[in-house]
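K.L.:
Next come the chains, spelled out residue by residue.
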Amino acid sequence: MKLILERRLVPSRLASWGGVGFSILLALMMGGVVFLSAGANPFKAYGVMFLGAFGNFYNISEVLVKAIPLIVCGLSIAIPAKILVWNIGGEGQLAVGGIGSAAVALFLSPFLPSALVLPSMVIAGFLAGGLWAFAAGFLKARMGVNEILTTLMLNYVAIYWMENLYFGPWRDPTGTGFPGTAILPESAWLPRFPGTRIHLGLAFGILAALFLQWAFYRTRWGYEIRVIGENPKAARYAGMNITRHILWVMFLSGGLAGLAGMAEVSGIHYRLQQGLTVGYGYVGIIVAWLSRLNPMAIIAVAIFLASLLVGGDQLQSVMHLPSAVGLVLEGTLLFFVLGSDSLARYRIRLITKSKEPQSKEQRA
Amino acid sequence: MDTGTLTFILSITIRSSTAVLFATLGEIFTERSGVLNLGVEGMMLMGALSGFAATFYSHSLLLGVLTSLGVGGVLALIHGFFTITLRANQVVCGLALAIFGIGLSSFLGRPIIGRVGERFVQDPIPVLQDIPVLGPVLFNQNPLIYLSYLLVPSAWFFLYHSRPGLNLRSAGENPAAADTAGISVISIRYLWTIFGGMLAGLGGAYLSLSYTPGWKENMTSGQGWIAIAMVIFALWNPWRAVLGALLFGGINALQFYFEARQFTLIPSYILRMLPYLFTIVILVIITRWKTVRKRAGAPAGLGLPFQREEHS
Numbered sequence: 001m002k003l004i005l006e007r008r009l010v011p012s013r014l015a016s017w018g019g020v021g022f023s024i025l026l027a028l029m030m031g032g033v034v035f036l037s038a039g040a041n042p043f044k045a046y047g048v049m050f051l052g053a054f055g056n057f058y059n060i061s062e063v064l065v066k067a068i069p070l071i072v073c074g075l076s077i078a079i080p081a082k083i084l085v086w087n088i089g090g091e092g093q094l095a096v097g098g099i100g101s102a103a104v105a106l107f108l109s110p111f112l113p114s115a116l117v118l119p120s121m122v123i124a125g126f127l128a129g130g131l132w133a134f135a136a137g138f139l140k141a142r143m144g145v146n147e148i149l150t151t152l153m154l155n156y157v158a159i160y161w162m163e164n165l166y167f168g169p170w171r172d173p174t175g176t177g178f179p180g181t182a183i184l185p186e187s188a189w190l191p192r193f194p195g196t197r198i199h200l201g202l203a204f205g206i207l208a209a210l211f212l213q214w215a216f217y218r219t220r221w222g223y224e225i226r227v228i229g230e231n232p233k234a235a236r237y238a239g240m241n242i243t244r245h246i247l248w249v250m251f252l253s254g255g256l257a258g259l260a261g262m263a264e265v266s267g268i269h270y271r272l273q274q275g276l277t278v279g280y281g282y283v284g285i286i287v288a289w290l291s292r293l294n295p296m297a298i299i300a301v302a303i304f305l306a307s308l309l310v311g312g313d314q315l316q317s318v319m320h321l322p323s324a325v326g327l328v329l330e331g332t333l334l335f336f337v338l339g340s341d342s343l344a345r346y347r348i349r350l351i352t353k354s355k356e357p358q359s360k361e362q363r364a
Numbered sequence: 365m366d367t368g369t370l371t372f373i374l375s376i377t378i379r380s381s382t383a384v385l386f387a388t389l390g391e392i393f394t395e396r397s398g399v400l401n402l403g404v405e406g407m408m409l410m411g412a413l414s415g416f417a418a419t420f421y422s423h424s425l426l427l428g429v430l431t432s433l434g435v436g437g438v439l440a441l442i443h444g445f446f447t448i449t450l451r452a453n454q455v456v457c458g459l460a461l462a463i464f465g466i467g468l469s470s471f472l473g474r475p476i477i478g479r480v481g482e483r484f485v486q487d488p489i490p491v492l493q494d495i496p497v498l499g500p501v502l503f504n505q506n507p508l509i510y511l512s513y514l515l516v517p518s519a520w521f522f523l524y525h526s527r528p529g530l531n532l533r534s535a536g537e538n539p540a541a542a543d544t545a546g547i548s549v550i551s552i553r554y555l556w557t558i559f560g561g562m563l564a565g566l567g568g569a570y571l572s573l574s575y576t577p578g579w580k581e582n583m584t585s586g587q588g589w590i591a592i593a594m595v596i597f598a599l600w601n602p603w604r605a606v607l608g609a610l611l612f613g614g615i616n617a618l619q620f621y622f623e624a625r626q627f628t629l630i631p632s633y634i635l636r637m638l639p640y641l642f643t644i645v646i647l648v649i650i651t652r653w654k655t656v657r658k659r660a661g662a663p664a665g666l667g668l669p670f671q672r673e674e675h676s
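Those protein sequence lines, which keep their order, are chains W and G. Position 172 (the first sequence) corresponds to 172 in our numbering; numbering is contiguous. Position 189 (the second sequence) corresponds to 553 in our numbering; numbering is contiguous.
Think of the hints as simulated: they come from the structure by calculation, not from any bench. Take the hints with a grain of salt, since some may be wrong.
[What the hints assert, rightly or not] Partial chain W-side listing against chain G, Cβ under 8 Å, derived:
no.	residue
1	Leu-5
2	Met-29
3	Gly-32
4	Val-33
5	Leu-36
6	Val-145
7	Leu-152
8	Tyr-160
9	Ile-268
10	His-269
11	Asp-313
12	Ala-324
13	Val-325
14	Glu-330
15	Gly-331
16	Thr-332
[What the hints assert, rightly or not] Some, not all, of what chain W presents toward chain G, calculated at C-beta under 10 Å:
no.	residue
17	Phe-22
18	Leu-25
19	Leu-26
20	Leu-28
21	Asn-164
22	Phe-216
23	Val-283
24	Asn-294
25	Met-296
26	Val-328
27	Leu-334
28	Phe-335
29	Asp-341
30	Ser-342
31	Arg-345
[Stated by the list, open to error] Think about it this way: if two alpha-carbon atoms lie no more than 35 Å apart in a straight line, the pair counts; the simulated DSBU-like pairs of lysine-lysine are:
no.	chain 1	residue 1	chain 2	residue 2
32	W	Lys-82	W	Lys-233
33	G	Lys-580	W	Lys-44
34	G	Lys-580	W	Lys-233
35	W	Lys-82	G	Lys-654
Because the structure is a prediction, the values reported are computed rather than measured. Glycine residues also receive a C-beta, built at the ideal position from the N, C-alpha and C atoms.
Kindly generate the complete structure, drawing on both the sequences and the hints.
P.N.:
Structural data, given as structure tokens:
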């Protein structure tokens with residue numbers, strides 16, 4: 001008896017989206033095993049996570065707060081992934097976006113009319129993140145240097161740089177030990193939805209998703225990057241400039257990650273401080289892949305993954321289990337979705353002994 | 365610079381390079397067989413945690429090392445199942461493994477953060493350690509480091525001068541031809557993917573049992589990713605992997621030296637960035653060199669799933 005995978009002529013849509021649901025179930029079961037190994041009752045733990053994420057209005061609002069950077073980072077990863085370029089540096093681009101926007105708020109805001117402070121921060125954050133990723137994009141496009149590794153290495157560089165700033169030259173002179181810059185002037189705060197921490201960044205995320213949905217499927221640019229992603233050779237024969245596309249997608253991608261950093265600084269922390277980089281750049285990869293790089297799906301998936309993170313935080317405060325379980329669940333989920341994608345593309349067949357000769361004939 | 369300082373720097377160079385060296389060697393085998401496993405960081409962290417935990421509870425260093433080998437191998441097996449059998453995207457699957465390993469190690473490791481357990485101590489080799497400079501640098505180290513000395517030539521010999529090594533390389537270079545020659549590409553890829561994971565786990569255990577003893581979240585600080593970069597620098601050759609690892613270790617050693625000497629000309633945060641910036645520079649140089657000299661680069665079948673039924 002033998003297990004073989006046969007390619008389906010048309011990927012099964014049912015298997016594709018049904019697989020996501022099934023993967024979520026399997027990932028939750030695996031998570032249960034992890035809880036058991038830590039000596040916790042999985043049902044109780046999931047109950048705490050669920051209530052922590054959706055138990056009351058405030059918790060739901062917190063899920064949306066966490067979903068904001070995940071939407072923006074998910075979009076950021078999805079753009080270059082369309083042409084099979086991997087930006088794993090969302091974390092670093094988020095950090096430099098935070099640095100750039102904080103610099104504007106701290107040092108330029110006294111010279112700007114208050115209505116211009118936020119727009120300038122948006123531009124600064126986007127440019128900072130964009131240029132940071134552009135560096136890796138440039139090395140990739142011009143010299144073929146592996147972008148996965150360069151973007152990743154730049155994460156460490158960016159985070160050390162940011163730490164140096166808030167521990168050193170930008171440290172709040174009146175601060176009491178807590179590492180961070182001085183609090184930003186109020187003109188640099190993103191408006192919040194009353195009674196919650198949901199800020200205008202949510203609108204950035206949704207607008208960016210709508211814009212990309214349009215750009216991917218309704219513009220020449222979107223058409224070209226889809227062709228490059230499906231078949232780079234055909235794209236080159238058709239005269240598409242792949243080098244230029246790589247530079248642009250990396251700039252846009254980094255810009256969005258930088259925007260996520262700006263939104264965190266200006267909407268949540270109101271300063272540059274420790275805790276800005278908590279892995280949104282990495283989780284963004286999962287968001288993008290689970291959404292099949294579809295901008296609208298990214299919003300939904302980001303909210304779902306945010307609920308795992310918020311639930312994980314609750315787990316830490318209620319049951320004293322490390323919140324890293326959110327990350328474990330997300331990693332597992334990605335595995336299962338990858339596996340189920342294969343099932344959508346291939347048909348699994350069990351070949352018993354009697355049938356085997358026949359399959360050999362088919363091969364010949 | 366006097367001999368003492370030189371010995372100090374070189375000796376720390378060796379110590380700082382060993383974890384990356386193990387992981388790089390492992391990934392060379394995996395990639396040579398045609399599988400790209402980007403999950404090294406996760407496997408190293410799980411290796412570091414499991415190696416330390418097993419030693420902490422059993423008081424046996426050997427058991428710790430064996431555990432880390434096993435855990436690294438099992439994680440790589442997961443990657444193998446999804447990429448080899450289910451033919452999932454190797455890049456994304458490796459990233460999933462990295463995220464999974466990072467998350468799981470911080471989750472499970474919480475109870476033993478900051479605990480002190482057994483560790484490998486320096487174990488000088490008689491006679492050899494008396495060679496001036498080289499003696500104290502190379503032969504006054506711990507057993508794991510000696511193991512790496514043995515591993516490199518064996519890896520080289522195995523890859524280039526043995527039949528199974530040839531089979532391994534052919535599975536990565538031209539799987540269809542290998543298959544025609546009667547080699548089981550699937551089992552070779554499984555085997556060396558698992559082996560790569562075991563070495564990554566060992567690299568992690570070296571960190572938690574020797575280099576920075578104990579468990580700390582994210583204690584590998586990117587060395588798993590650096591190892592993947594070093595594979596490219598090494599052009600998939602074990603000897604060049606040593607060179608890459610030593611360069612990485614050397615940068616670390618200089619950083620130690622400057623900090624110990626309170627050398628303030630270069631701020632410490634720049635020193636901490638150096639290994640990462642240096643890795644980027646190395647990647648750029650090697651990529652340039654490869655295109656200029658037209659040197660053969662990655663195994664031709666790297667990252668592509670093997671399927672027998674279809675010929676493309």
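K.L.:
Hint check: is the beta carbon of W:Val-283 less than 10 Å from a beta carbon of chain G?
P.N.:
For W:Val-283, the interface hint holds, since the closest Cβ of chain G sits about 8 Å away, which is under 10 Å.
K.L.:
W:Lys-82 and G:Lys-654: Cα distance at most 35 Å?
P.N.:
Holds, at about 27 Å.
K.L.:
Hint W:Met-296 vs chain G: min CB-CB distance below 10 Å?
P.N.:
W:Met-296 check fails; min Cβ-Cβ to chain G is 20 Å, beyond 10 Å.
K.L.:
Against chain G, with CB atoms and a cut of 10 Å, does the hint on W:Phe-216 hold up?
P.N.:
violated (19 Å)
K.L.:
With 10 Å as the cut and Cβ atoms as the points, is W:Asn-164 at the interface with chain G?
P.N.:
holds (4 Å)
K.L.:
For the hint on W:Leu-334, does the least C-beta distance to chain G fall short of 10 Å?
P.N.:
holds (4 Å)
K.L.:
Just to be careful: measuring from the Cβ of W:Asp-341 to every Cβ in chain G, is the smallest value less than 10 Å?
P.N.:
holds (7 Å)
K.L.:
Hint W:Asn-294 vs chain G: min CB-CB distance below 10 Å?
P.N.:
Constraint on W:Asn-294 not satisfied, violated at 16 Å.
K.L.:
Given W:Asp-313 was flagged as interface, is its beta-carbon under 8 Å from a beta-carbon of chain G?
P.N.:
violated (13 Å)
K.L.:
Have a go at the W:Gly-331 hint: is there a Cβ in chain G nearer than 8 Å to its own Cβ?
P.N.:
This interface hint holds because 3 Å falls under the 8 Å limit.
K.L.:
Next item in the hint list is W:Ser-342. Is there a CB on chain G closer than 10 Å to its CB?
P.N.:
holds (4 Å)
K.L.:
Have a go at the W:Glu-330 hint: is there a Cβ in chain G nearer than 8 Å to its own Cβ?
P.N.:
holds (7 Å)
Hints 2, 3, 4, 5, 9, 10, 11, 17, 18, 19, 20, 22, 24, 25 and 34, counting from the list given before, are not met by this structure.
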